[in-house]
Amino acid sequence: MNLEKMYQEIILDHYKHPQFKNLAPMVSGAVEVHHINPTCGDEVTLRAQVVDGVIESVTWDGLGCSISQASTSVMAGLTQGATVKSALDLTAQFLLLMQGKGVSTDADEILEDGIAFAGVAQYPARVKCALLGWMALKDAITREPGEINE
Amino acid sequence: MSASTLNAEILKKDFPLLGRTVRGGKKLVYLDSGATSQKPTMVLDAERNFYEYHNAAAHRGAHQLAEEATEAFEGAREVVAHFIGAHTREVIFTKSATESLNLVAYSLSAAESPIQWRPGDEVLVTEMEHHANLIPWQEMAKRTGARLRFIPVTDDGQLDLTQIDTLINEKTRILSFTHASNVLGTVNPVRRLADLAHAVGAIVVLDACQSVPHESVDVTALGIDLMAFSGHKMLGPTGVGVLWGRFEILESMPPFLTGGSMIEVVTLESATYSLPPKRFEAGVPNMAQAVGLAAAIGYLQEVGMHAIAHHEEDLVTSAIAQLETMPGVKVLGPAGPRGGALSFLVDDIHPHDVGQVLDDDGIAVRVGHHCAWPLMRRFGVAATTRATFYLYNTHEDVSSLVSGIRRAQQFFGTTS
Ligand SMILES: Cc1ncc(COP(=O)(O)O)c(C=O)c1O
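Protein chains in written order, with the UniProt record's numbering: chain A, 1 to 150; chain B, 1 to 416.
Please note that a few of the clues may not be correct.
Listed next, the stretches of chain A that the computed footprint assigns to chain B, with coverage defined by at least 3 CB atoms under 8 Å from CB atoms of chain B [to be verified]:
1. 3–17
2. 41–48
Selected chain B positions facing chain A (Cβ under 8 Å, derived; list incomplete) [as the list claims (entries may be wrong)]:
3. E74
4. D353
5. V367
6. G368
7. M376
8. A382
Here are the computed distance ranges between Cβ atoms for each label pair [unchecked claim]:
9. K13(B) <-> G100(A): 55 to 65 Å
10. E4(A) <-> G145(B): 54 to 64 Å
11. P114(B) <-> T39(A): 55 to 65 Å
12. T39(A) <-> E302(B): 33 to 43 Å
13. D52(A) <-> L257(B): 29 to 39 Å
14. E52(B) <-> I10(A): 34 to 44 Å
Keep in mind the hints are simulated off the structure, nothing from the lab.
All values reported here derive from a predicted model rather than from experimental measurement.
Where is the CB? At the ideal position from N, CA and C, for every residue including glycine.
Excised from the complex, chain B in its bound form:
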């Protein structure tokens, strides 16, 4: 049992921010980790330590500090690679998942793209994507003339795979989709979709923003080609994201951002480029942030990814069970198994107003379209209220959420 459990009450103490109060002395109940997670002291210390003792431009200069900075940065790369079951040279540091996805979409539609775009080619995404995994493909479609197609979503928030054999066809060049929905908590069948796409020779891109922070992810087992995630959603600093790619694919891709550090030989007229990962890391890299992310991964591994996944499942299952007994409250998304994002609607109260009452009780949730506007349209709503759970959340937090919703209903007079 002990290997798969964690004590959130104790972990919470590692996160200075979670000890603060809000709105005039209310205890903070942070249920917005899907947007960004809080940071444990050891991550803050790791960043500070880098700046205090090792700061210099990595990969440049021959002095001792430059060596140490390079070692710290490259050490962080090893940690990330090990965490997702990848080779070190397959891990690229970007500023965010958004940048990682844009990098892929630009590179694969650039003049030297390994894909020879032909009229009628298709790029396939899903109706549940975050804007970060939708708009880069819309722009790519404009550049290449490709047709953007969509895997629809069922009423219970799963991918509708009934037409998948026509959606994935010999014209499909890229399939890009999210591992776990940031709105509905849906976990998608990655391996099955990846295999279908590979059978027609398409490249498979995974948005792992909502999975890598919460469960053990192994890129080889998933059978994908490229994967993006953000450091700040997994206890790490802002300003660092990751693009992982199979080396053969990365090696065939032209750079996205160009400049210092990513070159072999430069003349006034032209340049040749380094091998990945450096080819995709132009400029002085985000060293302190990468070091912070490595520390965050250390923390997650110490707690244990299985324990984290188990804990979140426990919280979300309990939250759903309680919300479903409340009159006038509707939970969106699949019953389970599912991830830790929980979107719901409260009859006759707009999500903004639900969020405002919760905020008054010190409870931080997300309201709005969650950067997945097309998915909102699919469900015929303008917005939802969303609670997301992480390793530091407790059953008491779930109870606070439930009482907060009840208070909102009382305040707006929608329950007797």
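For reference, chain A alone in the conformation it holds in the complex:
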């Protein structure tokens, strides 16, 4: 395992050009969550709007390392317009990838850019970074609309 394997080009690209890193105005029915990684202080604020079981929009803002920022960017790209169910499946797949457990054979199709994070699983200290945005998403789309959590 070397640095280049962990910091795939795709990761560095997302880090330098994060997607959906611009909080949409809080509209009625939207949910905002704020997640912190207490071991390092990295944070993400995420807003999601779910209408009839479909994620209409996911936007975020955050402070953190390349892994946490790129991973949140990839997550936001993958889940725009997805159903809550498929977004939760995706989250579960990403979690498996991070735990270094076998992912399903079509994982790279499902996870797309997300598969680039496979190398992070070799560094237990960084797994939480990669999961920060995903856990925020999971939290947001399983809440009641209008809730703001701190």
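With chain A's structure known, arrange chain B with the ligand on it following the hints.
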């Protein structure tokens, strides 16, 4: 000259772990002694020897082993006392500095506390404290209703003493602060603050986690009342810390943990307690760890605390000088004189990513908030990268750090 120098290259050989490689054969460069230090063979041997020949419950039983274990444990207490210029009965073994500080905060807010808490009373700490010297006081403030106040920190990482005459006032009951910052390397003016606090009748507590391992500390000269430090940061084992206190203060304090060993007479309804230090050492003590700590102190004394302080100052001064010439690198904290903790920021690269590149080169540093989150907020950053130096670090280690940072900048494309 020879009395104040040491040869780190030779000392390194006493530390088995420092000989290992990491990340696929890279030589280990250990710059995280501020978090925990490595252990010389003689400390490991001392612990093992205790278990192999003298292990029994100290202070209990009349058999030979119990006597030997008691002697070993009490002997360790003498070594610690001598090391910090204290009386033996003033040295309490805890499991860590964290426990020592909690012990003080609980005892001084218990029903039988020597402090009669009144509405409006204040407890004063600083903005640069490790969480271990902040949260126990937050909890104490909840129990007593006291107001927790803070000595602010200047932009260059010193305590801002411009308002100290109002911060330390007749309502101040406790002042607790760190001797040396674990993040910024700042060394605080202990005597001056202690004298100001004593003038208003406050009790002075010192967090000496980052000073006792690195320089000669004399509790009397510092003019304080209570002091906490951890064995594992000074070449000793984990699981042993120290609380030192002036005997009159300790004698006035109720116990924190209660149980075996710390009593005089017990009935079903009540108990009376031993004098310090035993009053604060409930249960079978951490004997092997105390013995290991005594061995660590022996090692430190053999090398010489002045030589150690001098060596670290040399390394940190050189590191700062080199980092300051690097474009995009900013060192936090005072220029000097300072301790061996060196926090820095690298433009456009998060500390986690700096640490990851360094780790890939076998260099172990700490990244994050260093358990001093409020201090991070004070400097408007989420985290820093921190290198800390000890007696076994060399100038070559400093050079590795510098090249590692340069590699991180190249890797993330932040330098041309
Ligand atoms: C300044 C300071 N205070 C307190 C502590 C807590 O020490 P321990 O975790 O050994 O109890 C540390 C260690 O990280 C420290 O650096």
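Hints breached by this structure: 3, 9, 11, 13, 14
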